[in-house]
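Now for the letters of each chain:
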Amino acid sequence: MALAAKDIITEETPSAAPPGYSTLILQNRKIVFGGILFLLILGTALAGALMIDPKLRRSGSITRKLPPHAAAVLGTTSLGQSVAAQMTEAVPNSIQVGLIAALLGTVIGSLLGFVSGYFGGWVDAVLRVVIDVFLAVPVLLFLVLIAALVRGVTVQHMAIIIGLFAWSWPARAIRSQTLSLKTRPFVDVARISGMSGFDIITRELVPQMLPWLGANFVNAFIVAILAEAGLSILGLGPQREMTLGMMIYWSLSYGSILQNMWWWWLTPVVTLMLLFLALYLIHLGFDEVSNPRLRTQV
Amino acid sequence: MKTLKFSAMILVLTALVVIAGACAAPGTLPQVVQQTVVVPQTVIAQETVIVPQTVVAQATPVPVDQARAETLNIAIGGPIVPADAINPYVNWNRDMGMHNFCYEYFFYQNLQTGEYIPWLATGYEYNADSTALTVKLRDDVTWSDGQPFTADDVVFTYEMIQKDPSLNWGQQVVDNVASVEKVDDHTVTFNLKTSNPHFHLNREAFPAVGIWGGTTIVPKHIWEKEADPKTFTNSNPVCTGAYKLANSTEQSRTWERRDDWWGTKAFGVTPGPKTVNLRYLGPETNVALALVNNEIDTPMIGILGVGSFEEVARRNPKVIAWQKDLPFSWLDPCPRPLMVNNAHPPFDKAEARWALSYLIDRNAVADLAYEGATTPAWGVWPDYGGVKPYKDAIADLLQQYPTEAYDEAKGLQMFKDAGVDISTLDLKYVVNADSNEEVKVAQVIADQLGRAGIKVTITPLSGPAEQTAVLEGDYDIKLHSFCPGYIAENLDLFNSKYYKPLGEKVALFEANSFRYQNPELDKIVNEMLATPPDDNAKMIPLFQQAMAIWLKDLPVIPVVQAPALVPFNTTYWTGWPTADNPWNMPVSWWATFNTVIAGYPDKDGKWVGGIKPAQ
Amino acid sequence: MTPLLQARDVTKIFKGGLGDRAATVALKNFTLALDAEQPTIIAVVGESGSGKTTMGRMLLGLERPTTGEILYRGKNLLRLAREEAKQFRIEVQAIFQDPFGVYNSFYRVDHVLTVPIEKFGLAHNANESRAMIERALKAVGLKPEDTLGRYPNQLSGGQRQRIMIARALLLRPKVIIADEPVSMIDASLRESILKNLLQLKQEFGISIIYITHDLTTAYQISDSIIVLYRGEVVEQGGVELVNDPQHPYTKLLISSIPVPDPNRPWGEDEEWSQSAHAERTV
Amino acid sequence: MRAYVAYVGQRFLILLATIILAMTIVFLLPRLVPGDPMGAIMAKLSSVGAGRGNEALIRDYMERFGLNKPVWQQYIDYLVQLAQGNLGYSIANFPAKVSDLIFTALPWTVGLLLVTTVLSWLIGSVLGAVVGWRESKSVTIRAVVVLALVAYTTPYYILAILLLFAFAFLVPIFPLAGAYEVGTKPEFTFAFTVDVLRHAALPAMSIILVSLGWWFLSMRSLMISIKGEDYILWAEAKGLFPRRILWRYGFRNALLPQATGLALSLGYLVGGALVTEVIFGYPGIGWLIFSSIKGLDYPVIQGSVMLIIISVALVNFAMDLIYPFIDPRIRQAQTG
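Going down the list, the sequences are from chains C, A, E and X.
The numbering of the first sequence is our numbering, which starts it at 690 and goes up by one.
The numbering of the second sequence is our numbering, which starts it at 927 and goes up by one.
The numbering of the third sequence is our numbering, which starts it at 1370 and goes up by one.
The numbering of the fourth sequence is our numbering, which starts it at 602 and goes up by one.
Treat the hints as calculated values from the structure; they're not laboratory data.
Just so you know, not all the hints are guaranteed correct.
[To be verified] Computed list of lysine-lysine pairs in DSSO-like fashion (alpha-carbon distance at most 30 Å, straight line): (1) X:645 with A:1423; (2) C:744 with A:1336; (3) A:1170 with X:645; (4) A:1431 with X:670; (5) A:1151 with X:786; (6) A:1381 with C:744; (7) A:1170 with A:1089; (8) A:1529 with C:744; (9) X:698 with A:1156; (10) A:1431 with A:1275; (11) A:1191 with A:1529; (12) A:1151 with X:698.
Model the full structure from these sequences, guided by the hints.
Here it is, written out as structure tokens:
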């Protein structure tokens, strides 16, 4: 940790109380704006779910291929479904995938990263091998395996599969962060205060890295939603449930772009983009909180 | 910077709105039917086609490019792997021109007209008890290297297969053929293992192509040099066909017309295209755009959906299909029933199968999943002219057992009567993940059953996993094609000789992974198989007896006819078979396609069809 | 009688990084025995890179010697049983150089005080723990109400360092290893911190190993002095050795002690500015 | 130096363990899927109505590929085969050799991705550095940031389809699909090279546009962060030209993390860009892996996935080796 000249310690008047993370987060315009956008997207979908008859999600429930108009605000599909009704299911489902996968990825990744970085030695060597293996084996292989073993992939399955593969990057990153963090003096103090390695990780290192973990979580969220969309477009998504990826899949498989049914393919795409934007802003915001230098500048 | 974020947002949003606006087009808004379950058939009539005005690129007149005008471009559905192996006995991708441009067959069956077209052979004759079939070969056929095509090649091919039944398509040869004898240079006799008046229709054991492909005769003087026919890549194939391989890579394969083709001398005919390209262009959109641009003359089946086809035809009126209007498609000979696992309760009861049948709205399946490209099916046979007398003969049976009927209330009542509590059901609906068609149909059927209160779990499986699940009977329902669509052959799919208990693999998806057994039906079917297929006087009464049992049991649930939506581009080539001029089958991926390209002699020797350059 | 803490022929070698031909010998054949029966202050003096910090860290068990062993009550640190290890942690405590880095900025300063109480089970309940903390803070001259519940950056460097002394005191250790405890403290406060250290010995009977580069402060408070130069002990003895240095290095150290001059502030901390510079050029 | 050798040795052991473990997983996983590679072939035959009675065929192929042996025996055979540098035959595409399949696909993938990755990295980094350095007040700079955000948030497959629609159809500048003109064979001539570049333009554009946004945004925030560092302030105080400070001090220091990202993405290069390849009908390795996994073509899965594993592991290894030279802090943490 570089100490700049201005840090020379003098008996100056104690500075005002530093803002805690919660204040920092609430004061960060990016986080607030991203959060509002995110909630707006989710809220619209949830409100829509209350207002739109879920029957309209089914095929053959409404005239096919209609552009947006009063009775179907986002138009209808070639299968005779209301796009708006599908969105009310797709948005929460996609967010669910992101949430579960990011949670799994961050938790597993942190666990392995911290342990590997803090303890070093052979534990580190073993974990590094495991991490590198998971970085290298294509997710597709596991997905096909799981699709063959379970009866019909659901949104939750997708989320778990993606999550089980979302930890290797965080693990790597957290490992190197831990390597640098563990040389800090407060870790020595913790050690001579009788803290075990596990204590030090959970009570000293984790709090230090909270904003950073938050940024990573949001990033994993974005990656998971993107992965879900990618897998769905390859036809490996949940068949009986709607996600943004499945909506794109169906619209592509019925040639909606060619037929100019823009309301069908553009709706999930734009929503996906807005969702990314919201999450990316939150991610940037967390980055600023964890890296104060960014705070004033961006 | 804070304002930057906001202006960023606003810019993004406006950009998107602009894109959306550009795509949007004013159109008359049709009436919307809300909430209530709609019979889509009635709604479709009111639907207006929405014409986007902005981004239409009308096909501009193409400057005449001589090389292009002499080329036929076919879009294929995937890359050509391996690019260099042209061996029909190991390679599974014969339809990349191997069997339609290179190799030729004794006879071609024109399912559309019911003709049995002699090609490498001139005729066939069974002996009295149908245990031997003698075929007369043409004496003017030569291989592409100039060697004559003779009975020796036929005998060699069959002996090669008998020696190694593990060659692709070999098993049926071994099962049916005892030996092949050369009578003279141009006459061979097939000695059969049993009496079988249907043998000349068995394309898996005899070089007579109906659907897709058939047993391929290979040149003895080339293949006898190969110790193991399985590792022979045959990358420079010697064939009898009108085209020779010019180039083959993963993304395309080029065939060039031979000037020394035997048929040119024998028939006095030269096929139109000088060059045939099979091209892999990626997914549907690319192929559609290529059709509009006139880069492609015809795509193979399954690439273009109806919606895309309509759009293509609107932008390029030179692109046509079998029919001018919906359903556009030609009927494929293999209808698509829903296989119901007869060994899984509650579908071990005929009442439950019938109840399920009433819950399926076939018109909606045809309209939604197939976008109107097909029609409901009453059984497992295509609605060809040859099938009509059979269908007419069971008209009253179909009255009694309405296989096309959709009646949700009745279906639910029947379940109740059979003592089935549908709320406890969770049907495992296995779907071939690689089949766009199956994935789409599953969606619609699951929605229909869901509406009736039956839970359906769609399980998309890829190749091997699907194969295992279906053959071992690990499914409740599954859509599948029933081939070859002949009367007796398709009834034979229900024969208990194919039956295996759950967990053991059956021979074929459609024979009979649904685990149906009925000895009475077996007896009738066996009798039909022993009757010459064109002996309608004997066959029709047998069919009536069989269907009385079949309809009562309903081992599988008929859903729709199989559509073959094959667009043809008439910019460079005309004379394609269509409903108005139904002289042949419009299928480019079958071995019969060479009779579309070159045409064929009818039974009076008159030359029929063949595609012609447009200019 | 087994000494409380003993370094026996300890050598520490840091492996060379890339491009470095030779490995760095941080400490060579270092031997020290501390009998805690009589409280004493031993100053370990040396310039930066002399190995004094490494020595301290090894005595604390934060670093392993390359050869030789560190003994706690006659037992190798690496082979202590669970209970013995806990006892060692209580009896051998430390004060570090950087009074900011020792605090986890996530927590209020209370954290460094409550953790050892919790971990070593020193109090039975919250009240008892609170009382212990207040007592320790008062002992080092801090008002609990001014310090507790604050974040580290709300306190001055001196306050922070005193809290660390209070933290060490809390455990009633036998030995405190104080690694440059005043080098980052404003000059005007050094005196009072040093007084705190002396107080530890005199009032609480705690021995101190006082690591410093500053011979003046060593002379002020310690009973004996060890001079380290490039990892080796060059001079060792009672505090009087300052008056009669033998080794040229010690002489150099003494000659560089600034003349007391009220108009001239204490020079910039040499070691610190070096390390800060080193980091910048990295 | 000896320490470095020991360090390298340790990393090398990790590399070996990674590869062996990954290869074992790649061997075992597909074998856990119910069904076998012959199932894919039978499915293909059955789809053309010729799947009846292929027992002899199945038996023969099972034997030919050793699939009837116990799994451990297959594993040993696989290792022995690998040791001989033999990847065997593809099952689904018999009689094609796995090595041939990989080596016809690999150049296309690597060519496309290498160029696009490096190009987007370069452009993104330089743009990001300049934009991150300046005060973000000007309209142009704001527009650039917005565009980068849009590019980064667009799903790349959608972008690909839109590009195709615009530049291969509406304004047909580029070909619709494929890697080279129909009827030609890969060769090293000028005409063919131009043809390849024309075909690669759209897929390349779709990849560059999206990843450019990413490199741009990450470089920009790195620069902003570095701007606050003391050595920059010091350089400014010394009165150096701002441009010189930007490139000599700012850019150079931001380059390390940025280069790390580049190295990692290069490791994944051989995995191909599956969706891009599918959309543009590009004959790359992504497609090969995808179809082999779906068809359970064991030898092809083993061969092609092994390639990814080895290249990713090698990049990690190389980074471990180089890193201590670049960043002394890591040197201490890792060797100390």
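Cross-check of the supplied hints:
1. The straight-line distance between the Cα atoms of residue 645 of chain X and residue 1423 of chain A is roughly 23 Å, inside the 30 Å bound, and the hint therefore holds.
2. Taking the CA atoms of residue 744 of chain C and residue 1336 of chain A, the gap is near 22 Å; set against the 30 Å cutoff, the hint holds.
3. Distance hint between residue 1170 of chain A and residue 645 of chain X is fulfilled; the C-alpha atoms sit about 26 Å from each other, no more than 30 Å.
4. Under the criterion of a C-alpha separation no larger than 30 Å, the hint pairing residue 1431 of chain A with residue 670 of chain X is consistent with the structure, at around 20 Å.
5. For the given pair, residue 1151 of chain A sits about 29 Å from residue 786 of chain X by alpha-carbon distance, which is consistent with the 30 Å threshold.
6. A hinted pair counts as satisfied when its Cα atoms are at most 30 Å apart, and residue 1381 of chain A with residue 744 of chain C qualifies at roughly 15 Å.
7. For the hint linking residue 1170 of chain A to residue 1089 of chain A, the alpha-carbon distance of about 29 Å falls within 30 Å, and the restraint holds.
8. Restraint check for residue 1529 of chain A and residue 744 of chain C: not satisfied, since their Cα atoms lie roughly 57 Å apart, outside the 30 Å limit.
9. Only pairs whose Cα atoms come within 30 Å are accepted, and residue 698 of chain X paired with residue 1156 of chain A is accepted, the gap being roughly 13 Å.
10. As the CA atoms of residue 1431 of chain A and residue 1275 of chain A are separated by approximately 23 Å, the hinted pair is consistent with the 30 Å bound.
11. Between residue 1191 of chain A and residue 1529 of chain A the alpha-carbon distance is near 19 Å, which keeps this suggested pair within the 30 Å criterion.
12. With a C-alpha separation of about 22 Å, the suggested pair residue 1151 of chain A and residue 698 of chain X falls inside the 30 Å cut-off, and the hint holds.
Hint 8 from the list above is the single one not met by this structure.
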